[in-house]
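Listed here are the chains, written in short residue letters.
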Amino acid sequence: MENQFVGYNEAKQLSELGFSEQCFAGYLKEEKTLWIGYVSSQGGEQFNRDYHILAPTFSQAFKFFRENHNLLGNVYSNASGWLWEIHDNIGGTHRFGSEYSGDCEESGMFTSFDKAEQECLIKLIEIVKQQK
Amino acid sequence: MKTQFVPYEQALALKELGFDETCIMAYYHLLSEDKKDKLFMRYNDNKTNSDNAISAPTFAQAFKFFREKYELYYTIEGSKKYGFAFFIYYENDDKGELKSKEYSTYEEAEQECLIKLIEITKEKK
Numbered sequence: 279m280e281n282q283f284v285g286y287n288e289a290k291q292l293s294e295l296g297f298s299e300q301c302f303a304g305y306l307k308e309e310k311t312l313w314i315g316y317v318s319s320q321g322g323e324q325f326n327r328d329y330h331i332l333a334p335t336f337s338q339a340f341k342f343f344r345e346n347h348n349l350l351g352n353v354y355s356n357a358s359g360w361l362w363e364i365h366d367n368i369g370g371t372h373r374f375g376s377e378y379s380g381d382c383e384e385s386g387m388f389t390s391f392d393k394a395e396q397e398c399l400i401k402l403i404e405i406v407k408q409q410k
Numbered sequence: 002m003k004t005q006f007v008p009y010e011q012a013l014a015l016k017e018l019g020f021d022e023t024c025i026m027a028y029y030h031l032l033s034e035d036k037k038d039k040l041f042m043r044y045n046d047n048k049t050n051s052d053n054a055i056s057a058p059t060f061a062q063a064f065k066f067f068r069e070k071y072e073l074y075y076t077i078e079g080s081k082k083y084g085f086a087f088f089i090y091y092e093n094d095d096k097g098e099l100k101s102k103e104y105s106t107y108e109e110a111e112q113e114c115l116i117k118l119i120e121i122t123k124e125k126k
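Chains as they are written, first to last, in the numbering used here: chain A, 279 to 410; chain B, 2 to 126.
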């Protein structure tokens, strides 16, 4: 279940970029360890934001970029492996693609969906940081 | 937050298809004949499916389940301007790919994609 949440470095950068939605998990600031809780029916998080960095799920992170930065990150596969691409969410214009940056030396693709998704998220963060 | 979790009907179908992973939330029902109307989501104490709880996977978990167990892959493409469509790819299957109609939101396409994946998998069984 832990792999549904973005890593500590990405969580920290997302926070710096303005991500502040309710989350099920957070990283303890000092120890960088993931704490998975839940959101109560009243909407309250079961961790303290003063001591934790919000840990969004990958879905939340990608939605953040779609809705706040007009960037749609997408992971897909071909016969050789997994790739990612980034489009404008509104107009659909293609912006970036993984090309041959994957971890498979032979094909240049990614060997798993999760690895492609992770790299796509890193690229989304990089794009928005550069825009700021 | 709740939009991250698949609706009850799909959660139930996923359970029937063999989904049994740890989930953050679950649909519980009260012990009555009219169970469906008394569902509510809460923290999943047991972490897995049980007689009175249906694990509520996130959409990401559900799609991962289809990738890993049934070799069914999907992608959602499009834009707000032109609409979002889902594509389903059949690994090791000569059917190729399936393209949906356009939906007005990404989330709607995602939801319909999951329904279609469940339908395809049920048909194969």
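Because the hints were derived from the structure by calculation, they are not lab data. Warning: the hint list may mix true and false statements.
[Claimed, not checked] Which bits of chain B does chain A cover? Going by a derived footprint, with three or more residues having C-beta under 8 Å, they are:
| hint | stretch |
| --- | --- |
| 1 | 59 to 73 |
| 2 | 76 to 85 |
[Said to hold, decoys possible] The list that follows gives simulated cross-link-like pairs (lysine-lysine, DSBU-like), each with its CA atoms no further than 35 Å apart:
| hint | chain 1 | residue 1 | chain 2 | residue 2 |
| --- | --- | --- | --- | --- |
| 3 | A | 401 | B | 65 |
| 4 | B | 125 | A | 310 |
| 5 | B | 125 | A | 393 |
| 6 | B | 82 | A | 393 |
| 7 | B | 100 | A | 401 |
| 8 | A | 393 | B | 65 |
| 9 | A | 310 | A | 401 |
| 10 | B | 3 | A | 393 |
C-beta atoms are modelled at their ideal positions from N, C-alpha and C, and glycine is treated no differently.
Going down the list of hints, with the structure as the test:
no.: 1; hint: 59 to 73; in the structure: holds (count 6)
no.: 2; hint: 76 to 85; in the structure: holds (count 8)
no.: 3; hint: A/401 to B/65; in the structure: holds (22 Å)
no.: 4; hint: B/125 to A/310; in the structure: violated (44 Å)
no.: 5; hint: B/125 to A/393; in the structure: holds (29 Å)
no.: 6; hint: B/82 to A/393; in the structure: holds (29 Å)
no.: 7; hint: B/100 to A/401; in the structure: holds (27 Å)
no.: 8; hint: A/393 to B/65; in the structure: holds (13 Å)
no.: 9; hint: A/310 to A/401; in the structure: holds (22 Å)
no.: 10; hint: B/3 to A/393; in the structure: holds (26 Å)
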